[in-house]
Structure formats: structure tokens, C-alpha cells
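J.: Sequences listed follow chains A and B, in order. As numbered in our numbering, residues 1 to 360 make up the first sequence, in order. As numbered in our numbering, residues 1 to 360 make up the second sequence, in order.
In short, the hints are calculated from the structure, not lab data. There could be a bad hint or two in this list.
For chains that are exact copies, the list does not tell them apart, and a pair is met inside one copy or across any two.
[Unchecked claim] With a straight-line Cα cutoff of 27 Å, these simulated BS3-like cross-link-like pairs (lysine-lysine) come out:
(1) Lys92 / Lys316
(2) Lys92 / Lys52
(3) Lys230 / Lys267
(4) Lys123 / Lys58
(5) Lys44 / Lys268
(6) Lys92 / Lys267
(7) Lys105 / Lys52
(8) Lys112 / Lys16
(9) Lys268 / Lys90
(10) Lys2 / Lys16
(11) Lys2 / Lys44
(12) Lys316 / Lys52
(13) Lys232 / Lys52
(14) Lys92 / Lys58
(15) Lys123 / Lys16
Number of protein chains: 2
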Amino acid sequence: MKRVYNFNAGPAALPKEVLKRAQQQLLDYENTGMSLMELSHRSKEYDKVHTKATTLLKELLQIPDNYEILFMQGGASLQFSAIPMNFLAKGKQGNYSLTGSWSEKALKEAQKLGETHIASSTKETAYAGIPSHLELSDNPAYLHITSNNTIFGTQWRDFPSLSPDVPLIADMSSDILSRPLHIEDFSIIYAGAQKNLGPSGVTVVIIKKEVLAECPENIPTMLNYQTFAKNKSLYNTPPTFSIYMLSLVLEWVAEQGGVAAIEEINKKKAGLLYNTIDQSDGFYIGHAENDARSNMNVTFNLSTKELTTAFLAQAKEEGFVGLGGHRMVGGCRASIYNAVPLESCEALAEFMDVFRSNNR
Amino acid sequence: MKRVYNFNAGPAALPKEVLKRAQQQLLDYENTGMSLMELSHRSKEYDKVHTKATTLLKELLQIPDNYEILFMQGGASLQFSAIPMNFLAKGKQGNYSLTGSWSEKALKEAQKLGETHIASSTKETAYAGIPSHLELSDNPAYLHITSNNTIFGTQWRDFPSLSPDVPLIADMSSDILSRPLHIEDFSIIYAGAQKNLGPSGVTVVIIKKEVLAECPENIPTMLNYQTFAKNKSLYNTPPTFSIYMLSLVLEWVAEQGGVAAIEEINKKKAGLLYNTIDQSDGFYIGHAENDARSNMNVTFNLSTKELTTAFLAQAKEEGFVGLGGHRMVGGCRASIYNAVPLESCEALAEFMDVFRSNNR
Chain A
1 MKRVYNFNAG PAALPKEVLK RAQQQLLDYE NTGMSLMELS HRSKEYDKVH
51 TKATTLLKEL LQIPDNYEIL FMQGGASLQF SAIPMNFLAK GKQGNYSLTG
101 SWSEKALKEA QKLGETHIAS STKETAYAGI PSHLELSDNP AYLHITSNNT
151 IFGTQWRDFP SLSPDVPLIA DMSSDILSRP LHIEDFSIIY AGAQKNLGPS
201 GVTVVIIKKE VLAECPENIP TMLNYQTFAK NKSLYNTPPT FSIYMLSLVL
251 EWVAEQGGVA AIEEINKKKA GLLYNTIDQS DGFYIGHAEN DARSNMNVTF
301 NLSTKELTTA FLAQAKEEGF VGLGGHRMVG GCRASIYNAV PLESCEALAE
351 FMDVFRSNNR
Chain B
1 MKRVYNFNAG PAALPKEVLK RAQQQLLDYE NTGMSLMELS HRSKEYDKVH
51 TKATTLLKEL LQIPDNYEIL FMQGGASLQF SAIPMNFLAK GKQGNYSLTG
101 SWSEKALKEA QKLGETHIAS STKETAYAGI PSHLELSDNP AYLHITSNNT
151 IFGTQWRDFP SLSPDVPLIA DMSSDILSRP LHIEDFSIIY AGAQKNLGPS
201 GVTVVIIKKE VLAECPENIP TMLNYQTFAK NKSLYNTPPT FSIYMLSLVL
251 EWVAEQGGVA AIEEINKKKA GLLYNTIDQS DGFYIGHAEN DARSNMNVTF
301 NLSTKELTTA FLAQAKEEGF VGLGGHRMVG GCRASIYNAV PLESCEALAE
351 FMDVFRSNNR
């Protein structure tokens, strides 16, 4: 079986073991005589899968009992609207920390629904950094951050500490489960699954129970977090196969030793690539500021457009997939989420060295 | 390989050939060295899948060029809100024809967003029928119908003919692709995939291009139909695997001879079960009125609760899955969507006869 070095930014690589497991079970899930996709979402067999996904996520991220875990649809992009619709009350301001296109999009959706305020931004430095300080508005409804910025390759190392009356909301689509978290610091964490959690099609929301009381009744049922909390995310048919894949990925993370062990491997993977950049005498130019570098997305350029093009073309020939930068910014990007094996990063680092030798 | 007789109401049976195909390709999609789930949604390989799904649906349902085909998320339940958000302008009324719980839910979401009007309802007869006439409001924004009612087992045979200035909107979640349609009669058709189209997680929307101009700019981007139309349903990451499965199911329908051929088989399947009910001397009691009977969901009761319970228990032992009625109404229901083979219906009809002989 052919497998390439997959550095896609999302949908991204999945653990081979997970795919094999899904393949084995595809026509007959655990002796039910049906594919998991053919099971009723109200069946006890599916309920086990749904519950397993919740339980494993709770264990792996040490999510306290006063939080709900929800499975929604529509990706982070729909959360951008759901957050202000539920939590941006009149007279308050949705505060946004801008660290890239995704936080800009989140802000834009909030602007349609209420008052907003930019608490910090690194736009002036082409989003190469993470803000070092915040200026909140007078009456903040919440502060929204994007924990990892796939396009620019930056990541919050330490999260802002806020006074307890300001809820912290984080879009963690591209780094959830990549490192241990202190969940209590957040009121809401949400993440589209397609980077670290599974295939696209399911959005995980971790939400403090006490904020659920704020959800207004007159908003669309499917955008009200209470609907999902009250119905165990089974108000309507959930994306059952995506949640099943999520449960398999979570099992795999547990088998790797959990999130702390995964973080160590992630640091090693990112370290390999950043070292290759730093030791290239300027042949490779990292985009992110050193203290803002993401362990999930390594963004870099070569000194000329021609060299970048040649690098990407040759990399493709050698079986490296997904190394082109986002269509907005160009250049190169290696997305090295949890499921990208160390060997892929070793192979890439080696290729980068060889390409440099041949082209300097 | 064990396979049961799957009569689940949704998620429901999928064609075995489709599942086998997906299984073969699960780790290495068309020699890409990646699972389809691991492909970027911006890759040319995924684009082929996405385009194939659109093209096949267009061919199979003979969708004219002045319609867009969109792939959304959130199921019919999110469409219940998106429809009025986009098309229920001030001063107009969203007209609803009530034929069961799903149309009630659609109405409820519209009531949160604007003026509504009940144009017809069969609630008084426990939703056993389909309305024979309509009374529209003075200034209707649209008429919304549910083409097939999974819970009560009724189906619109002929769709209401309206004056050309009243858009007809249909939730076809549970019977799309089961019979040929005259698409031009509808402004919008939408359907969650998990009955006739594929696994859960993707919602198909067929929408007349001219109505897209009405979508207001100030609504959430992810609920605006224009977003999906302008971006070929790739504004954000779509549920790629669900769309891939949809493309395989559509291929399978084409292989069966298309929608007209499928309709013939569906009539035969439903006929078998309705005949069994009608010839049972009242042992089995159909819920739906004869002229409103659904070819997708056959709902019936036995004369006592005890008999119904015994029937369901014995059916389960014999390998029939999903025959319990919806938790709201009880009784029995056989959901016989496109992918349920004729043999499953033959086996069920036979079982029903044997059970009657043994228990009268």
C-alpha cells in the first residue's frame, strides 16, 4: 500500500492504524451486520461510540465535570456566528484578538450581530506574532482568540489571563489535543475536527455549563448550545461516521500515551523543521517570530519566488504532499498535526537540507 | 460477512456495493497514497469527487441550468432556520403545510424569525393524510412542504400547484431521489443525506438561481445560500467523506437505471408490504390513509400493544433491524429507502405472514 508524506493543512493526515480499523469495520460494525454509517443514531451500538468519544475527550483533556462536550456541524465558521448569537448581549462588546484570517472572520460575523472591539492585533506585522498585551473594552461580553493560526504559522504559547468575569473563548481548530490544557481558564473551546481530531464534518465544543444559561431562547434551535447540551448532541441526526472516526483518533491518542506524550513528539517534529530553517544560513526564511512559532504549522519561504516554486515542485515529486502555503500568502507550509509521524518530518528535514545543498 | 435486514429510518441502509467500494479505497484513494478523508478540500483529486457528486445529481434529477446544487451541513433542522432567515422578508408570511413533526419543527423555527401562516394541516387526523387543499396568506413569502413524512408514513403524491409568484420549498430529506421530479416546480429542495443519499453529515440543497438575489447580506455567512453558491460549497471545509459517499451512492443509482427505474423498484417494495397489510384481515393496521401512503416509510400497528411488542421482538430475533415506530408514535415502521433491497421487503412480508398465521 502506497502512503505519501502528508503535510496537508486540513483535512489532514489521519493515523494509519485508525484508517485500518475503520476499513476493517466498514461493512460490519462490531458484528451488527451493518456499517456504522447504517446504524440509527438512537441505537445502543451508536450510543456507545458517541459516549466513548465524549468520555475519551474528557479524559485526555482532563475536562472537569462542570463542562459539557458537544458535537456540532458547520465547522469553526458556523461557530463564528453561534458565539455572538448566544453570548453577545446588548450593551456588551465581543472582544477579539486578531492573529490571522480566522480571527478576522470570527470578528466579521460578530460585527453583524452586535458591538465588537479589537482587543489586540498583530496585523501590522503580517500576523507574524502573537499579541503581548490586550486592551479590553469597557463591558466585554467575552474575549475571543484563535489559539493556532494555520495560515501564518503562529500559536499562543501562554493564554491571556483575564479577570474571572470575562469569559475566554478559543477557536482551537488547529491545535486542540496537541498539548495539555488548563480547561478551567476557558469558558468555551471549539474546534473543527479536520486537523487533529478526525475527518471534516464534526465540530467539537467544550463549554462551561454555567454559561449555557445565557443562551437566548429565540435564536435558531440548531445554533443554540443548550439544544446540544440538553440532547447529548442528539437533537437531530449527528454526523455519526465523523464522530466514530473521532472516537478512533482519541483512542489512538490514548495509546500514544495521552496528550502530554503527544506534545513531546510534536515539539520534536516542529523542532526538527525549525532547526533546519534556522541552520540554513537564510536559505529558508521562517515567517513567524521565534516566540510565536506554531508547533502545528511551520511556515517559511525561500529567498526567491523561483526557488520556492522549484522547491515545491521537487518536493511533490519526492512524495511530499500539501507543502504549498495557503493561497492567501503563498510560500511553503508544513502542517504537522498529531497524526503526521516523526518520520515524515525527518524525511522533510533531510529533503530540505539536500535541496539547499543542490541550490545554494 | 453478516448483513442484516436493515429497515432503519435514518441513518439508513446503504448499498453494499457502495460500502465495498469505500472500503477498498479507504487507505489509498485512487493511488494518491492518502485516504479520501486526508485529502485537502482544495486538491484536484477531491475536486473531482465534489464535481462528480454535483454532476450526477444534476443528471439523475434532470436539474436545469438555472439551479445551483449546494452541499451544506446541519441537516434539515438547520435549513428550517436558514429558509426564513434568507427568504422571509418583512411584511410577508412564511406559509407552511403541516403534515407531521418535521413540518411543525420547520414552522417553529420560522415563527422565531418572522410572520408565518398555516396553509393546511392534517394534524386533526393524526397526520394520517396529505392536505387536499391550501389556503395561502395574503402576501406569502413561500409555501413550505415536507414531501415525505417518516414518522407517520405519508407522502405527497402530487405537489401543490401554486401561482408562479409563490415559491415552493420542499424538505425532501426522506424521499429525494426515490422518484423523478419536475424540478422547475420548486424554488428550493433540500435534503439531509442520511436516508436516500448517503451517510449523515451533508445536506443537499437544490436552489433556483434567481432566488439567491434575495439572500440578505447581514445574516451569518454560513447560513447564507449565496456563500455556498458563490464558492461551489467550498467556502469552508465541507464534509468531504460524506460528499464522497454521496457520489458513490449517486453512481449506484445511475447503475440501477436512474431514478425512474429506482421508482419502479420502490413501488414494488412498498406494494409488497402494503398488500401484506391489506390482506391481513385487520391483523396489521396501516396508519396512513390509502391515497397518502408513503413508498419510503410503511407505518402500521397490530391490534394490541402486546402483539406489537411480540412482533417487534420476534422480528429482531430473525434479523430485522429498525422496525420499531418513532418514539413519538410507537407501533411499527419499515423504512424502505432506495438502498433497501427488494429481498429485504420480501423477507419481511413473508415474516409478517408467518407471524400472523402463528398469532391469530
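J.: Indicate which option fits the pair Lys230, Lys267 if close means a Cα-Cα distance not exceeding 27 Å: within, between, both or neither.
T.: Close neither inside one copy (38 Å) nor across copies (40 Å); limit 27 Å.
J.: When no copy is specified for Lys92 and Lys52, does a C-alpha distance of 27 Å or less occur within a copy, between copies, both, or neither?
T.: Result: close neither inside a copy nor across copies, 38 Å intra and 47 Å inter.
J.: Is it within, between, both or neither when you check Lys92 against Lys267 at 27 Å Cα-Cα?
T.: neither (39 Å within a copy, 58 Å between copies)
J.: Can you give me the call for Lys105 and Lys52, within, between, both or neither, at a CA distance of at most 27 Å?
T.: neither (33 Å within a copy, 30 Å between copies)
J.: Classify it for me, Lys2 with Lys16: is the Cα-Cα distance of at most 27 Å met within a copy, between copies, both or neither?
T.: both (12 Å within a copy, 26 Å between copies)
J.: Tell me, please, which holds for Lys44 and Lys268 at an alpha-carbon limit of 27 Å: within, between, both or neither?
T.: neither (41 Å within a copy, 32 Å between copies)
J.: Within, between, both or neither: how does the pair Lys268, Lys90 come out at a Cα-Cα threshold of 27 Å?
T.: Neither: 46 Å inside a copy, 58 Å across copies.
J.: Within a copy, between copies, both or neither: where do Lys123 and Lys58 come within 27 Å Cα-Cα?
T.: Neither way: Lys123 and Lys58 sit 35 Å apart in one copy and 43 Å across, limit 27 Å.
J.: Can you tell me if Lys112 and Lys16 fall within 27 Å by alpha carbon in one copy, between copies, both or neither?
T.: So Lys112 and Lys16 fail the 27 Å test inside a copy (42 Å) and across (46 Å) alike.
J.: Reference check for the pair Lys92 and Lys316, CA-CA at most 27 Å: within, between, both, or neither?
T.: neither (50 Å within a copy, 56 Å between copies)
J.: Pop the pair Lys123 and Lys16 into one bin, within, between, both or neither, using alpha-carbon distances up to 27 Å.
T.: Classified as neither; 38 Å inside a copy, 52 Å across copies.
J.: Between the shortest in-copy and the shortest cross-copy C-alpha distance, which are at most 27 Å for Lys2 and Lys44: within, between, both, or neither?
T.: Classified as between: cross-chain Cα gap 19 Å, same-chain 37 Å, threshold 27 Å.
Checked against the numbered hints above, the structure violates hints 1, 2, 3, 4, 5, 6, 7, 8, 9, 14 and 15; every other hint is satisfied.
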